[in-house]
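Each chain, letter by letter, is given below.
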Amino acid sequence: MSDNRDKEQGLGNESSAGAGGGAGAGLGVGTGTVASTHQRRTPAPPAGRLIDSPPFPAAAARLIGNQTLRANMRHATHTIRAKRAKVAAELPNWEQLRQAGAQIKDRLGRHLDYYLEQLEANLIANGAQVHWAADADEANRIIIELVKAQDVDEVVKIKSMVTQEIEMNEALEAAGIAAWETDLAELIVQLGHDRPSNILVPAIHRNRDEVREIFLREMKLYGKPAPEDLDNEPAHLAAAARAHLREKFLRAKVAISGANFCVADTGTLVIVESEGNGRMCLTLPDVLISVTGIEKLVPTVEDLEVMLQLLPRSSTGERMNPYTSMWTGVTPGDGPQEVHVVLLDNGRSRVLADPEGRAALRCIRCAACMHSCPVYERVGGHAYGSVYPGPIGAILSPQLRGINDAVDKSLPFASTLCGACAEVCPVKIPIPDILVHLRHRIVEEVKRKHLGLERFLMGVAGWAMARGRRFGRLGKLAGVARRLTGREYLRRLPGPAHNWTRARDLRMPPKQSFRSWWKKEHG
Amino acid sequence: MPDKPKITPKVAIFATCINDVMFPETVIATVQLLERLGCTVEFPVEQSCCGQMFTNTGYFREGLGCVRSYVEAFSGYEYIVGPSGSCVTAVRDQHPMLAAQSGDAGLAAAVDDVVRHSYELTEFLCDVLEVEDVGAVFAHKVTYHLTCHSLRFARLGERPLRLMSKVRGLELIELEGFDQCCGFGGTFCVKNPDVSADMASCKAGYAVDTGAEYLVSLDNACLLNIGGVLHRAGSSLKPIHLAEILACGEGGL
Ligand code: SF4
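First to last, the sequence lines map onto chains A and B. Just so you know, the numbering used here puts 23 at position 23 of the first sequence, and the rest follows in order with no gaps. Just so you know, the numbering used here puts 27 at position 27 of the second sequence, and the rest follows in order with no gaps.
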């Protein structure tokens, strides 16, 4: 792994990776995790690791000028935003549901040890095998061993954020195992040598012309080709994907999934989806391996009543998702006869230990926060250098990964704190508050190490503002500045303030402050 | 006939630092409006700033001086009124957190008390004075930008619209994306300049499209941002704080 922290280089690098190359939206950092001599089974994703991505402002500056991306994102986020608002407004008890959702997840967090052991016991009692993974490497090792034990070299996959988080596909690829994505959008991303840019709609940054091109170019390299006369009609694109995937479904002996919910008191796992590909993966293969973050539990089966109302309305804007699959261990003679559950920590217990930051673990991955976010809408998910983009990514990724790398130090600042995210979050995560909390943690860390201009300015300003009379005297200087420049607006400023005047003029203060006026009138 | 205020109490005005120095006309208008409605207005000189620039950038300790000065200036007042959804929200939502973090129990208790008496201007008018028609005259076309802090944090709801609907001569034109952030975001505008500038010009563009003469809002920081774009573009659309409209009598601006 080359340590490419050079932002300029990272930004200037159009990513072109692997067979068929040419990912549109990767940020081109570092080198691949799979040795280049290795004969790949699946399309190569963009080179480099997400953690080595440039800081958010640099990535955003590059992506914001991409007009196709802008148009795709704007259309998609505005459509789904409106759908969510409509179906959420239909329920008179929506606010109570959100409150309940938050409370269920908080209860889980308070007694996580208890519920995890309860889940494990119930899974085992129902014939499942449970594995514990402290981090991504351990999870991948476990999964690879389980697949290899079946003597197969491919698996089918249900879309899952946690497998993205642990970069499982690449770990399997390195072990000679092909992981085939079966969700339509994930298939587009995989065949496009791309990365997902949204946790719900992974290919939200692509339009149908781009999808058609990808299918025509890539499908034939990895299985059943797309029909040569494929056009950009959504139904035809879906049909091509269905045909391409069908042979993989029928062939696969092993499926890998995540889980939307794991019910502790019954040992039941739940997956909600729209396309039926998940149902295929959960029922056709002999072996099912489900990997899930330890925050995905809910204490009781009754809690699903709340969660299964909140999730579809918040995510796809549907009253109910088309497919809801639930399974409790092994059902003899029906479906997979070998069922594994890998419980993953990967930083979650550290997040839980932070009273101010832990609410991020309530997240049910609905993506409503990113769809409502004016910043995300402009730059797309790839600007965030993290599997989890948008507002939740800005609070979750730095916490999960530990705030060490440049990208994680920039993410909590990638927000105007406008609050649109918190307003829609179905489990009421106070995202702006957590952003501010993480900013504080980052600033405290910086303070320990060096001085810097920002810290100096904040120190001076803090002193100036600490006493009203002092502030009043200093405020007079603003009036003096106005008299000296003689201008009502300034067009150009030096230093960091240049970032303001690049796009807008700065109104100058008038000659007399309110304080002076008051003194004259009332003093 | 303008509404008669339910009560006419003594009011401490929270000017906010940005209005004090950059937009004194807004605070003057607030004073004149409250006095016209019969209130007695005082200006405690120990006040400075809500401190949100520090807090929101992660500089909690640097913001503590603002918390102390707010307590010093306003303790004991029954009604503290500020013409800014954003600054009043910072006081109500962040001062208790900053005080708790400082470990100063006395300060935390004082903060708890003083924030309960802090009102944004339209809250004070609609909820305490219980007026909607304040006798204002403003015969112009305006469009209204809901600032994020007024909308989602201070939760002012319909109050500003109710007040505007009673202003004689005022014609309100709906702003497309009225609830979308203008991209100011405090230090966001210098830390993420590209995204911020894009959001600001988007907002300014929609505002110009309305054909209104004035762009009204409850936060001058947002108007500083949008207004800067408008000025650069040579637009004749003028930013204005709602307090200035409400203070307008027969004589006009
Ligand atoms: S933070 Fe809330 S809104 Fe965002 S994805 Fe998670 S649950 Fe959904």
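Be aware that one or more of the hints could be misleading.
[As the list claims (entries may be wrong)] With a straight-line cut-off of 25 Å between C-alpha atoms, the simulated BS3-like cross-links for lysine-lysine are:
hint: 1; chain 1: A; residue 1: Lys447; chain 2: B; residue 2: Lys238
hint: 2; chain 1: B; residue 1: Lys191; chain 2: B; residue 2: Lys141
hint: 3; chain 1: B; residue 1: Lys166; chain 2: A; residue 2: Lys520
hint: 4; chain 1: A; residue 1: Lys148; chain 2: A; residue 2: Lys253
hint: 5; chain 1: A; residue 1: Lys409; chain 2: A; residue 2: Lys449
hint: 6; chain 1: B; residue 1: Lys6; chain 2: A; residue 2: Lys519
hint: 7; chain 1: A; residue 1: Lys83; chain 2: A; residue 2: Lys428
hint: 8; chain 1: B; residue 1: Lys6; chain 2: A; residue 2: Lys511
hint: 9; chain 1: B; residue 1: Lys141; chain 2: A; residue 2: Lys409
hint: 10; chain 1: A; residue 1: Lys449; chain 2: B; residue 2: Lys191
hint: 11; chain 1: B; residue 1: Lys141; chain 2: B; residue 2: Lys166
hint: 12; chain 1: B; residue 1: Lys6; chain 2: B; residue 2: Lys238
hint: 13; chain 1: A; residue 1: Lys476; chain 2: A; residue 2: Lys519
[As the list claims (entries may be wrong)] Output of the computed footprint for chain A on chain B, the stretches with three or more beta carbons under 8 Å from beta carbons of chain A:
hint: 14; stretch: 21-34
hint: 15; stretch: 66-74
hint: 16; stretch: 117-128
hint: 17; stretch: 165-175
hint: 18; stretch: 208-220
In short, the hints are calculated from the structure, not lab data. All C-beta atoms in this analysis are idealised placements derived from N, C-alpha and C, irrespective of residue type, glycine included.
How the hints compare with the structure:
1. A:Lys447 to B:Lys238: violated, 41 Å
2. B:Lys191 to B:Lys141: With a Cα-Cα distance of about 35 Å, the restraint between B:Lys191 and B:Lys141 is violated, given a limit of 25 Å.
3. B:Lys166 to A:Lys520: Measuring from Cα to Cα gives roughly 33 Å; hence the hint is violated.
4. A:Lys148 to A:Lys253: Holds, at about 11 Å.
5. A:Lys409 to A:Lys449: holds, 14 Å
6. B:Lys6 to A:Lys519: violated, 30 Å
7. A:Lys83 to A:Lys428: holds, 19 Å
8. B:Lys6 to A:Lys511: violated, 37 Å
9. B:Lys141 to A:Lys409: violated, 45 Å
10. A:Lys449 to B:Lys191: Measuring from Cα to Cα gives roughly 20 Å; hence the hint holds.
11. B:Lys141 to B:Lys166: Answer holds: B:Lys141 to B:Lys166 is near 14 Å, not above 25 Å.
12. B:Lys6 to B:Lys238: With a Cα-Cα distance of about 34 Å, the restraint between B:Lys6 and B:Lys238 is violated, given a limit of 25 Å.
13. A:Lys476 to A:Lys519: holds, 13 Å
14. 21-34: holds (count 7)
15. 66-74: holds (count 5)
16. 117-128: With 0 residues in contact (Cβ-Cβ under 8 Å with chain A), the coverage given for the stretch 117-128 of chain B is violated.
17. 165-175: Violated: only 0 residues of the stretch 165-175 of chain B have a Cβ under 8 Å from chain A.
18. 208-220: violated (count 0)
Going through the hint list in order, the structure does not satisfy hints 1, 2, 3, 6, 8, 9, 12, 16, 17 and 18.
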